[in-house]
Amino acid sequence: MRTLLFGRNPKWTLIRIAVLVTVCGLVFGFVLLPIRITGISMLPAYPNGSLNLVNRLAYLRHEPQRGDVVSIQLTGPHVLFMKRIIGLPGETVAFVDGRVLINGKILKEPYEENLACDWNSPPVTLAGDEYYFVGDNRSMPPEDHEHGVKKRIYIVGKVLL
Amino acid sequence: MKILFRLILLAVVVAAGVWLWTVLFPGPENVIRHRLAEIARLASFNANENPLAALGGAQKLAGFCSPTLQVKLAAPTNVEHTFESREEIAQSDLAARAAFGGTLRVEFVDVVVTLAPDQQSAVADLTARMQSSSDLNVQEIKFTLKKIDGQWLVTRAETIRTFS
Chain X
1 MRTLLFGRNP
11 KWTLIRIAVL
21 VTVCGLVFGF
31 VLLPIRITGI
41 SMLPAYPNGS
51 LNLVNRLAYL
61 RHEPQRGDVV
71 SIQLTGPHVL
81 FMKRIIGLPG
91 ETVAFVDGRV
101 LINGKILKEP
111 YEENLACDWN
121 SPPVTLAGDE
131 YYFVGDNRSM
141 PPEDHEHGVK
151 KRIYIVGKVL
161 L
Chain S
1 MKILFRLILL
11 AVVVAAGVWL
21 WTVLFPGPEN
31 VIRHRLAEIA
41 RLASFNANEN
51 PLAALGGAQK
61 LAGFCSPTLQ
71 VKLAAPTNVE
81 HTFESREEIA
91 QSDLAARAAF
101 GGTLRVEFVD
111 VVVTLAPDQQ
121 SAVADLTARM
131 QSSSDLNVQE
141 IKFTLKKIDG
151 QWLVTRAETI
161 RTFS
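In the order they appear, the protein sequences are chains X and S. Residue numbers for the first sequence follow this note's numbering, so the first one is 1 and each next one is one higher. Residue numbers for the second sequence follow this note's numbering, so the first one is 1 and each next one is one higher.
What the hints contain is simulated information worked out from the structure, not anything from laboratory work. Misleading hints may appear alongside valid ones.
Once the Cα atoms are required to be at most 30 Å apart in a straight line, the calculated DSSO-like pairs of lysine-lysine come out as [unchecked claim]:
| # | chain 1 | residue 1 | chain 2 | residue 2 |
| --- | --- | --- | --- | --- |
| 1 | S | Lys72 | X | Lys151 |
| 2 | X | Lys158 | S | Lys142 |
| 3 | X | Lys11 | S | Lys2 |
| 4 | X | Lys105 | X | Lys151 |
The task is simple: from the sequences and hints, build the whole structure.
In structure tokens form, the structure reads like this:
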């Protein structure tokens, strides 16, 4: 029983456990943030109740790209929004009959092809540190769907899966 | 060995003393956090709540506000409600409980308290999690509190739009 619990060499078992705990602590404390998705704004790709990970180091070497699904911080780390980036700094973003216009040109969004959307919103020009975020489920009314402009510093990381 | 034991014992006693001191004499930031947690608890209610309990809860909630205040709350449909007295707060709280009908759990998370240099007023930015039986809503709220007659009272509260 003792061999089964602690292995043939208890000293090495303890070292292995300590290394595992340290690595898990470092990875899940500083690199990969586990999240549980609540809500329907990212359907169909990210269903309500599913689990995911946020890579906090994703934007160390490059800036966020259009189409990236990211987590956005509110006042702290316990509640985050999960949205897709559609507008980059300096661009003008508008919704016309459900289509996204970037600088007046229609944005191709393969993840949106099967969803009906009739949103309309006036053009918004983004500042040098601002991005435009929106969820994938645009079949819901725009007033029920949190979306819009937020500064780069609020992006926590890129959703991994 | 004896010295080491005494040093460890001394460190434990000092740590316990510091902990006891912070419990008995909490700083303004901790007092504000406790009051905000109490506000969240009072804003929560159960389905089929006793009307007397609801009235008591609404009056207690209003008691956390200063006599003159400004509360601006934007509903998810972007309709804004403004309240400017304790009575309005209590009445609207009772009306909301009656209209909602179900159970609502309010929790304030990620509370960031910024004290003024004179330590007589403070701003608290937080995220409110509102969980009903069918839905979860989150909303950023900014509270302004002032120390009046030794108590931290809410003088202003407003919902903040996460995205502009």
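Hint check:
Distance hint between S/Lys72 and X/Lys151 is fulfilled; the C-alpha atoms sit about 24 Å from each other, no more than 30 Å. Between X/Lys158 and S/Lys142, the direct Cα distance comes to roughly 28 Å. Compliance with the 30 Å bound is thereby established for this hinted pair. Only pairs whose Cα atoms come within 30 Å are accepted, and X/Lys11 paired with S/Lys2 is accepted, the gap being roughly 29 Å. At roughly 23 Å between alpha-carbon atoms, X/Lys105 and X/Lys151 fall within 30 Å of each other, so this suggested pair holds.
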